[in-house]
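Protein chains: 2
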Amino acid sequence: MKHSQVGAIYLGGARTQFSVWAPAASRVELHLTHPQERIIPMQAQPRGYFEAVVDTVEPGARYLYRLDSDKERPDPASRFQPEGVHGPSEIIQTDFPWQSNAWPGLRLEEYIIYELHTGTYTPDGTFEAIIPHLPELVELGITAIELMPIAQFPGSRNWGYDGVYPFAAQNSYGGPRGLRKLVDACHGHKLAVILDVVYNHLGPEGNYVADFGPYFTDRYKTPWGRALNFDGEHSDEVRSFFIQNAVYWITDFRIDALRLDAIHAIVDQSASPFLQELAAAIHERAGELNRRIYAIPESALNDSRILRSPELGGYGLDAQWNDDFHHALRTAITEERSGYYQDYGEFRHLVKAFGEGYVYSGQYSSYRRRRFGNSAGSLSGRQLVVFSQNHDQVGNRLLGDRLTSLVCFERLKLAAGAVLLSPFVPLLFMGEEYGETAPFQYFISHSDAELIEAVRRGRRQEFQAFAGKGDIPDPQDEAAFLRSKLNPGLKSGGRHRALFDFYKELIGLRCKIPALRTPSRQNTAVSACEERKLLVVQRQADQQEVVIAYNFGDTPAEIQVRGKEIFASSSGPARQGMLNPYSFVVLLRGD
Amino acid sequence: MKHSQVGAIYLGGARTQFSVWAPAASRVELHLTHPQERIIPMQAQPRGYFEAVVDTVEPGARYLYRLDSDKERPDPASRFQPEGVHGPSEIIQTDFPWQSNAWPGLRLEEYIIYELHTGTYTPDGTFEAIIPHLPELVELGITAIELMPIAQFPGSRNWGYDGVYPFAAQNSYGGPRGLRKLVDACHGHKLAVILDVVYNHLGPEGNYVADFGPYFTDRYKTPWGRALNFDGEHSDEVRSFFIQNAVYWITDFRIDALRLDAIHAIVDQSASPFLQELAAAIHERAGELNRRIYAIPESALNDSRILRSPELGGYGLDAQWNDDFHHALRTAITEERSGYYQDYGEFRHLVKAFGEGYVYSGQYSSYRRRRFGNSAGSLSGRQLVVFSQNHDQVGNRLLGDRLTSLVCFERLKLAAGAVLLSPFVPLLFMGEEYGETAPFQYFISHSDAELIEAVRRGRRQEFQAFAGKGDIPDPQDEAAFLRSKLNPGLKSGGRHRALFDFYKELIGLRCKIPALRTPSRQNTAVSACEERKLLVVQRQADQQEVVIAYNFGDTPAEIQVRGKEIFASSSGPARQGMLNPYSFVVLLRGD
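So the sequences go chain by chain: A and B. Going left to right, the first sequence walks through residues 1 to 591 as the numbering used here numbers them. Going left to right, the second sequence walks through residues 1 to 591 as the numbering used here numbers them.
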């Protein structure tokens, strides 16, 4: 059953169409609050929708919905919340004067992703402030930026996972206009834009959607509170809301890929799972637009099913973040073994991550206290996104300290080599490329005192597992946010500059050499000497073989394989055929 | 990781091995209560198991487990609860003097199922009391009996879905010895035995397993309370408990198939779903025993995935109950449209049930208020079990009244013809074959006053949807149980006898004619005239075509198809080529 697109859609000529799903209300009125105050009755439609087309309303006008002559609420599908999560919604321009009309059109295997948080990436913390940095990202070799969630959240400081208006680009970041400018500029630089969208929960403040209808279910719990209703009564409309959201970003904002946050928190027993419908809708829209558009979930399920085609019982999603690779790599270069790291730390885990994708493909996990995962054997390398740092792995630590502040530069380079020359899709976290020293701490700017205290308590509980050395920073304190801002000045010289150049060279190598360019399992062979922590990855393409030999041990290691050395991570002297501790070389073996 | 089988296993020579999973306890002792009182410490094993091998204990001895020197509890894997759900567990004989050493070995397509409730099938209400009736079931043409759940439940009167000791055959039914005698007798008559097992919840009284370990999770809710923990911490052991249960019935009781109750209430997000592991374990055991053993879930998911092979993303279960067929058939012969019947009642629904299996394969369901189901197109006819009555459809009514008391005999015969000549696996509910007049009411015999009141309240709420004509029978009142006992004397004459003979003849026809014998989609074509409510099912095999023409209308209908009439449901006169209201004919068209 088709119904109007939810939200306020400006049709041109001072006409605006309003549609809201509010099955919990028997009467809904449109309350225009600006520039003139007006109350307009809305027509009830099938399945709980209410609609109105108003002839004298233009972009910039603000409104609320009045439910049963009682509560006044912003639009769940608001396109803009100029006054924040509690204020009225604003009608925005449907059109935008796009400058770049070419899309990057990257294939998944061409993605080299740079994850960034808009608020802390620049001093201004806005979408537009990112634009001047794009040439440098291009210089580095990045092909896609990934924006941490930008849906309107409470206050002005937030990682983004507390968003409550999935269609509204954060006001303090510059709102929808700023986001469009950023995407336009990215496309002008042939950079793709990935948007992190949160379809597993809504934030705790300004969360009014339950007044409209059964967006939530009590049948399931998530770590972040009430689960969204994807399989109960009225779930078609809840699904439609989020699917429209995905299509909105793709269509109206020209977003190239969606990173789907934490799909393991989407519980759905239906015969036609939401995620399968979402993937199909995204791909259908991609077809209509003749563009390549991808859905890339974060998944803590280690379930290859989500990436398999629907014909094989899968959801048909395109790629997923692979935390196992991170944990195996991280524990190979640090001594961390607490919390979920307890499941890793053996060299064979890293070997398996390179060779198979998931480390846990059905074995018992001590941390989870159950067998975990299934085989990733059927997946292609381009379906797994890997990283040595990301916002979670940095930020969800007691002090939000980066790998940079934990290990020496040699190990940082080794980690970079593991990620960037891997047969997978690499992702960097902003600042990693030059060894940023600022932490990435957890920060919020809620207004409800009880909620703030609850968040503080939650953080304290979370970090019981990670033995702390000091107090947990107060997430509500603006200082946590300010401390997390990047210091790009660092990369003007010294080791930071050297690391940046190192990253750049590695990415250049990946792009230049056919055998390294394509993340694929077919062209890759992984072997290892566990005792000496030597990992050898052989990759082939165009009659050329490239060998990457990594030494994860703390003593020099001899490598048997021979070839022309085209890259070495270690600046220190090494004897012929020997690898320094925590270093790697790239060898070329032509035919 | 392998560990000992849970429960008390008699090893012979007065030795018994005890194993219990009790991760919630740090110390477990075996308290032998009979014939001599003894306390024996148990050894802690990995993963929360405790074990002991005792040299001087024989079958007949009774015991409890003492947890942390505090609570004393029966064994969750108790094989026998001679004193009911609150009393000690009893060690049983491992061996049994089986008389019949041949198994029926039926293929799924040969099943003609007779569902019965042990307590009300006979005046005695025991397993052994069923045995004298087996010849008559064989005479009727039945090939398998299906026992409603027999796991130990509170008191002596219960449908069985309140069972709390999944390994213990109900004491008031005659316990494990009685059940083995029944299975042995069935096999002697070449009857298969299907056991209804409940792996989605445990009953509310005598439910002590939570004292032992995290059998339950709070992350999900089921309609019957706490959900079993199939994907959280320690879920491997919970799964193992139930998988061992399935294997126990198959191995030690020679059960031929398991009916898995309400799998839609099993929530499991793991990458290796419990139901898939269960199906694999059942089939593996079948292979070891060189027997055909099936897993047949009740599923309200309309999700063909559960029956697809794991290679195609399925669970690999064998067949499922198809409620859609029932609802479409039922609303075709009654005026019922309340509750879930509101989704049915159009003749095309019945046509679709015959042609495709699921009626809801993705359309919007008014009752569920969402789209429901996916296509059953990939399924074989033998994967769908159909019925015009079953314990739920009869018993979950205000008065538990059977179809017999709602519609005339002509319609009963029509329903029988639809089920028994369908290209699916037919199931009868005890007494249906002769038009039993006793209701099948809901009955319990709990001992907790609060619980009893809660059940009464629950029933009242449930039947708000089905407009009632009178009070709801008190489920705790023994009268509800006694009223539900069969009156087999009815079939000694009159219309009841005629109906019995009718059923017998139909089943005979199904077995005799190759085209009717095999439930298959390939050999079946369904056509219909919706206006006249005429359904024509053509089936082919061995160069022979059989046409079954059903008239679901209340006026005589002309049928176009010609052939030799080999069966007619209507005893009344009909003109040549005409079908009386609510009747059917079977025509043979040789080549």
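Keep in mind the hints are simulated off the structure, nothing from the lab. It is possible that some hints are incorrect.
What the hints assert, rightly or not - Far from chain B, some chain A residues (derived; all Cβ distances over 12 Å): (1) P214; (2) D231; (3) G232; (4) V267; (5) D268; (6) A300; (7) R348; (8) G355; (9) A525.
Stated by the list, open to error - Per the computed footprint, the stretches of chain A lying under chain B, defined by three or more beta-carbons under 8 Å from a beta-carbon of chain B, are: (10) 7-20; (11) 215-229; (12) 543-555.
Quantities reported herein were computed from a predicted structural model and do not represent experimental measurements. Ideal placement from N, C-alpha and C gives every residue a C-beta, glycine not left out.
Report task. Check each numbered hint against the structure and report the violated ones by number, ascending. Result -> 1, 2, 3, 4, 5, 6, 10, 12
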